[in-house]
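Based on the hints, put chain W in the right spot on chain L.
Chains L and W, in that order, are what the protein sequence lines are.
Sequence positions in the first sequence follow numbering that gives the first Met the number 0 and run 0 to 602.
Sequence positions in the second sequence follow numbering that gives the first Met the number 0 and run 0 to 588.
Some clues are possibly wrong.
Partial list, derived from the structure: chain W residues whose beta carbon lies under 7 Å from chain L [unchecked claim]: (1) Phe39; (2) Ile44; (3) Leu52; (4) Trp71; (5) Glu197; (6) Val202; (7) Ser207; (8) Glu211; (9) Pro241; (10) Ser408; (11) Arg410.
Each pair of labels, with its calculated beta carbon distance range [to be verified]: (12) W:Arg111 <-> L:Asp486: 18 to 28 Å; (13) W:Asp313 <-> L:Arg215: 47 to 57 Å; (14) W:Arg154 <-> L:Asp72: 16 to 26 Å; (15) L:Gly397 <-> W:Ser345: 33 to 43 Å; (16) L:Thr498 <-> W:Leu249: 57 to 67 Å; (17) L:Gly135 <-> W:Asp179: 26 to 36 Å; (18) L:Arg201 <-> W:Ser345: 23 to 33 Å; (19) L:Thr291 <-> W:Phe8: 49 to 59 Å; (20) L:Lys571 <-> W:Arg410: 47 to 57 Å; (21) L:Ser462 <-> W:Ala392: 46 to 56 Å; (22) W:Leu462 <-> L:Arg200: 19 to 29 Å.
No wet-lab data here; the hints were simulated from the structure.
Model, not experiment: these values are computed from the prediction.
Ideal Cβ placement from N, Cα and C applies to all residues, glycine included.
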Amino acid sequence: MSDHAAATRTTLALRDARGVSALWRALDDTRVGYVVAVALLAVALAARSATFLLLRTFVDEVLVASAAGPVPDALVRTWTTAVAFVALATVLALLTLIADALAARAAETTAQRIRDGLHAHLLRLPFAYHDAASTGDLVQRASSDVDSVRRTLHKHTIGVGRVVLIFAVNVATLWALSPTLMLVSLPGVPLNVLLSFLFHRRISDSYEAMQAQDARMTTVLQENASGVRVVKAFARQQHEIEKFDTENRARRQRALHLVGLHAGFWPASDLIGGTQMLVGLVVGATMAIDGTISVGTFVAYSGLIVWIIWPLRELGRLVVEVSKGAVSADRIGAVLRSDPELLDESADEQAAPISGEVSYDRVTLRYPGTAEDASPVLDQVSFRCRAGEVIALLGHTGSGKTSVVNLLPRFYEYQGGSIRLDDRPLESIPKHLLRQQIGTVDQEPLLFSASVRDNITYGVARSVSDDEVEAAAEAAAIHDVIAELPDGYQTIVGERGVTLSGGQRQRVTIARTVLRAPAILILDDSTSSVDIQTESRIWAALQQLMEGRTTFIIAHRVQSLMRADQILVMAKGRVVQRGTHAQLLATGGLYRKLYQLQVGAPS
Amino acid sequence: MLRRLVELFGPYKRQVVLYVVAIAFVSVGDGVFTLLGKAFVDDAIGGRDTAALTRIAIAYGSLILFQSVSVWAMIRFAGTLGESIGYSLRRRAFAHLQRLSLDFYDRTAVGRIVSRLTSDTERVTELMSWGLLDVGWSVLNIGAALVFMLVIDWRLGLIVLGVVPPLVYAAVRFRSHIVDQFRRVRALHARITGTLNEAVTGVRVIKSLARENTNNTEFSALTGSLRDRAYRAAYLSAMFLPAVQLITSLALGAVVVLSGIDTNLGGDRISVGSVQAFFGYVTFMLWPIQEMARVFAEMQQSLASGERIFSLLDTPVLVQDLPGASERPLPHAALSFDRVTFRYPSTPAAAPPVLDDFSLRVEPGETVALVGPTGGGKSTIVSLIARFYEPTAGAIRVGSPSTDYRAFSQRAWQARLGMVLQSPHLFSGTIRENIRYGRLDATDAELEAAARLTGADEFISALADGYSSEVGEGGTLLSVGQKQLVSLTRAVLVEPDIFILDEATSSIDSLSELHVQRSIEQLMEGRMSFVIAHRLSTVRRADRILVIDGGRVVESGTHHELLATDGRYRRLYSNAAAPSAEVTDSLGP
Chain L
0 MSDHAAATRT TLALRDARGV SALWRALDDT RVGYVVAVAL LAVALAARSA TFLLLRTFVD
60 EVLVASAAGP VPDALVRTWT TAVAFVALAT VLALLTLIAD ALAARAAETT AQRIRDGLHA
120 HLLRLPFAYH DAASTGDLVQ RASSDVDSVR RTLHKHTIGV GRVVLIFAVN VATLWALSPT
180 LMLVSLPGVP LNVLLSFLFH RRISDSYEAM QAQDARMTTV LQENASGVRV VKAFARQQHE
240 IEKFDTENRA RRQRALHLVG LHAGFWPASD LIGGTQMLVG LVVGATMAID GTISVGTFVA
300 YSGLIVWIIW PLRELGRLVV EVSKGAVSAD RIGAVLRSDP ELLDESADEQ AAPISGEVSY
360 DRVTLRYPGT AEDASPVLDQ VSFRCRAGEV IALLGHTGSG KTSVVNLLPR FYEYQGGSIR
420 LDDRPLESIP KHLLRQQIGT VDQEPLLFSA SVRDNITYGV ARSVSDDEVE AAAEAAAIHD
480 VIAELPDGYQ TIVGERGVTL SGGQRQRVTI ARTVLRAPAI LILDDSTSSV DIQTESRIWA
540 ALQQLMEGRT TFIIAHRVQS LMRADQILVM AKGRVVQRGT HAQLLATGGL YRKLYQLQVG
600 APS
Chain W
0 MLRRLVELFG PYKRQVVLYV VAIAFVSVGD GVFTLLGKAF VDDAIGGRDT AALTRIAIAY
60 GSLILFQSVS VWAMIRFAGT LGESIGYSLR RRAFAHLQRL SLDFYDRTAV GRIVSRLTSD
120 TERVTELMSW GLLDVGWSVL NIGAALVFML VIDWRLGLIV LGVVPPLVYA AVRFRSHIVD
180 QFRRVRALHA RITGTLNEAV TGVRVIKSLA RENTNNTEFS ALTGSLRDRA YRAAYLSAMF
240 LPAVQLITSL ALGAVVVLSG IDTNLGGDRI SVGSVQAFFG YVTFMLWPIQ EMARVFAEMQ
300 QSLASGERIF SLLDTPVLVQ DLPGASERPL PHAALSFDRV TFRYPSTPAA APPVLDDFSL
360 RVEPGETVAL VGPTGGGKST IVSLIARFYE PTAGAIRVGS PSTDYRAFSQ RAWQARLGMV
420 LQSPHLFSGT IRENIRYGRL DATDAELEAA ARLTGADEFI SALADGYSSE VGEGGTLLSV
480 GQKQLVSLTR AVLVEPDIFI LDEATSSIDS LSELHVQRSI EQLMEGRMSF VIAHRLSTVR
540 RADRILVIDG GRVVESGTHH ELLATDGRYR RLYSNAAAPS AEVTDSLGP
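Chain L with its partners taken away, still in its complex shape:
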């Protein structure tokens, strides 16, 4: 469907160029259509001006001439004029349509390329980038900013061309009719253009201010609706009504400001344009009375002058829109300018089966963007485990547990020490192959808006039979739940479908992991958000999955990890205690304190 190479070229253009030049370069090979569209428009506009010349000849040589005496071929000339008139109108209509279609095609094609290129880029940006970026902002750039670029290409850029052409073609025609008339028709034009620029710049600011206020009002509304339990529990309805009214009032205020600007600009511009029309008509009529120009010329002139005065007041709006499109292009460019992570996809190495022996040797990690002198997230973390062992990590929020396991799939680059997998440096294994071998079950299970089946097979590269999917669901103790859903495995879940409970979602992601059969398993706080019964069901499912796999368990609850081969207690990025449950219990310290607190055993 999409031309991959073209999408790449377009994203490169947006990355490297700025402003209007970025828009132009993003058009890539659709530029040809764009240029042809402008050329066709010029012809169409010439056709329209020609109708006025036709009218002049008809008035002078048929209507006026026949008043003086019979015109021999008047009837023939009448019909010819009518036919020519319709013919010119047809040319005008067809060429306008084709030009518009060409611009639309160029704009839509380019927009698709930007969307595809940006989407691919977003998926390649490293974890560190996504940690720092806000979801809403990225989505807005990829959707409304792209749309703004599309609109600019489709309507505004070519609109500037059209307005300028309309002016140029009609001024030229007028020059041919009478240079004097042309000159008297122009003084008001720059004034109107200037006014239009001033107005549209202000209106664009005022509009943005209103949008911003609208967003604030919407936030109050949204938070009120999603926090309705809190509002009611504290009986704060009146307070909320007042809060909303403040924003609602402010919004009306902003909107009225916008109305005021409109009410100022349009009459003023009408006044300038109208006066210019009047001056032109009076001068034209005087010249016609004098006989300097013919009646037909005056008639043609009063048609042409409309196209000289009015279209140019669009220019202000179009230029403001084009500059907004350029700003959007820059906002997209800013995302594209961030470096993607290298997935080493070119490495033709086959996925050698990983047995799962892991060693960390004095690993130090600092997240990008943190100060050099800030204490590192991980500080000299070392441990080793044999294939198939269970390593448990325990500690406060922020002690570095998750960071330890995040290094294994190379989600982040560490700064010191070394990590080895199956006695090979981790960096020697291509990222995409490495990640296929590691299965993660997170605290917040994430399902995509797709069928349950698609969610289970998500990320499994090969085609999977229904039996396999069901077997995986059975293993994850979720098959019965799925069978009860309205469309079974085909039921759409996620934002646009059936809502599953946290525990059910978690088991779907476990089924997904079962199907992928990774060599290494990471359970990052997998059961913290579910009730006890669900928790034991999930643990039963996980237990099958852990069989024969190197497993890392992060949990708050001691009960979940007391049987691990090795327990690492972490604090401030360091391993402060290590050993088995029995050893740690004997030693005392953080682990024992936590155990006694949670299990309720007497000290």
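What follows is chain W alone, placed relative to chain L:
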């Protein structure tokens, strides 16, 4: 429907009249300009009359001034009217939303509610201000032009009159089709935005599953169909104006032919000025036709929006204060469920009730813990106490002699509750503002004392701006655990009579929980409290533990009593205290 829309104009009758007058002036004025153009040709130039030229020029000039004023008034009134109607619609709808009970929120997505008050309201006010303006102007403009044309030359006028109605009809039909196409484009666009949103929120999953390429291909298929559909819509839309233009040019051709024939036959000759006027009228007619078609085509959507807003305003309020409900604070007394049966209003009447003939009496100062499986009825019980819903049958009573809690106003009742929910909802603003939500007149000192009590003070003081730190939209700048601490503090500030903790500490990590646990126990001292928790460490110290399942109390007693009997609680407790036997085995010694 239309009647209700018109009623919205009610408070602004005077503006509406002025607004219609302004529109009439503008549209007729436009037609008079063309008439004056004819006068230039026929009277001034044709009669070689300079005095006439001066008169016409003065008339033209005055009309320009007059038009400017009319246009100013038209924009002013349309804008003010639209904004006033929009403002009061939103106000009414929001106030109604505050009264609606939870069952409405259970079955209505937040996004829906938001769009009722934003895009739907916008569309209705747009229709009633600018839409009405465009249609009024278009109809009057075309009407005036037709009248002038008929006066100038009735035969030519009739030709145009014959063309206009079918043209308008066809234009409206065509435009509706185009609007429909664009609606589909928007739907697809929304889907793509949804996919993008998932891609960004789920980027960690996608990356860890190494699924980037498949996602790109799937996304590209979507953007491909968006491109094709958008192009089709753009193409149709691009056809509209040229098509109308072409049809009107046929009418102009007819004008040329008729005038030429007349001249040739030397009959009742058409003046040059008249021909010019016809050209002017017919060419200009393009714009009103286009505007009219646009408004009519979009009207369907606007009316549907109006329908949705009115249906929101008409949604009945289920939990209401009874007439003469007491505003006095509720007594510090026992609370009892007296044979309460409850079914969620949105479930069919035949479905089994969530609570069935449920009775319970809680003494002042008693702490009751509710445990049991999800869906067993624990949250329903506290929702009923909070009066988010009211019993379907039976009653909840307070004090002795006991009174039905419906005898109190909702305000009086809920003002004495302190509630902390599992998903801690914060409002954008500072931490201080969020805590103060519990008691609006609390001083900073009281507020900080409450925070010290819950232990929230510790993390708040560590923030750069302390209590003035912004929490972000929905509290996104804080972790879930921190949000729970803030919402706990908020409830503490109320100094409630009844304290309800629904999974209030589930996301606070175990070590911090230890601290929170102690302060919560201190808070519950002397207050009637209801605690729902999955972590049994939280419920152990309750005065009474109720195991709730299937809408009934299946076991009841203190921690030690319940452990002594071999029942549900003991099984739950041993499940929680250690991984299941299988897990234990697989982990090895």
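Now for the hints, and whether the structure bears them out:
This hint holds: Phe39 of chain W has a C-beta 5 Å from the nearest C-beta of chain L, less than the 7 Å allowed. The restraint placing Ile44 of chain W at the interface with chain L holds, with a minimum CB-CB distance near 4 Å, inside the 7 Å limit. With 7 Å as the threshold, the beta carbon of Leu52 of chain W comes within range of chain L, its nearest partner Cβ sitting at about 5 Å, so the hint holds. The restraint placing Trp71 of chain W at the interface with chain L holds, with a minimum CB-CB distance near 4 Å, inside the 7 Å limit.
At about 6 Å, the closest approach between the beta carbon of Glu197 of chain W and any beta carbon in chain L falls short of 7 Å, and the interface hint on this residue holds. Because the beta carbon of Val202 of chain W sits about 5 Å from the nearest beta carbon in chain L, less than 7 Å, this interface hint is met. The criterion of a C-beta within 7 Å of any C-beta in chain L is met by Ser207 of chain W, whose closest approach is roughly 5 Å, and the hint holds. A least Cβ separation of about 4 Å between Glu211 of chain W and chain L falls short of the 7 Å threshold, and the interface hint therefore holds.
Because the smallest distance between the Cβ of Pro241 of chain W and any Cβ of chain L comes to about 3 Å, under 7 Å, the interface hint for this residue holds. Taking 7 Å as the C-beta contact cut-off toward chain L, the hint placing Ser408 of chain W at the interface is violated, the least distance being around 9 Å. Annotation: Arg410 of chain W was flagged as interfacial toward chain L, and the flag holds, the nearest CB pair being 5 Å apart, inside 7 Å. In this structure the hint that Arg111 of chain W and Asp486 of chain L lie 18 to 28 Å apart at CB holds, the actual value being about 24 Å.
A hinted range of 47 to 57 Å for the beta carbons of Asp313 of chain W and Arg215 of chain L is inconsistent with their spacing of about 28 Å. Checked against the given bound of 16 to 26 Å, the beta carbons of Arg154 of chain W and Asp72 of chain L, roughly 24 Å apart, stay inside it. Checked against the hint of 33 to 43 Å, the pair Gly397 of chain L and Ser345 of chain W passes, with Cβ atoms roughly 42 Å apart. Thr498 of chain L and Leu249 of chain W have their C-beta atoms about 59 Å apart, which keeps the hinted 57 to 67 Å range intact.
For the pair Gly135 of chain L and Asp179 of chain W, the beta carbons lie near 30 Å from each other, so the given range of 26 to 36 Å is met. Between Arg201 of chain L and Ser345 of chain W the CB atoms are about 50 Å apart, so this pair departs from the stated range of 23 to 33 Å. For the pair Thr291 of chain L and Phe8 of chain W, the supplied restraint of 49 to 59 Å holds, since their beta-carbon distance comes to about 55 Å. A C-beta distance of roughly 48 Å is found between Lys571 of chain L and Arg410 of chain W, which places it inside the suggested range of 47 to 57 Å.
Range check, Ser462 of chain L to Ala392 of chain W: about 55 Å between beta-carbon atoms, so the 46 to 56 Å window is met. Separated by about 40 Å at the C-beta atoms, Leu462 of chain W and Arg200 of chain L break the suggested range of 19 to 29 Å.
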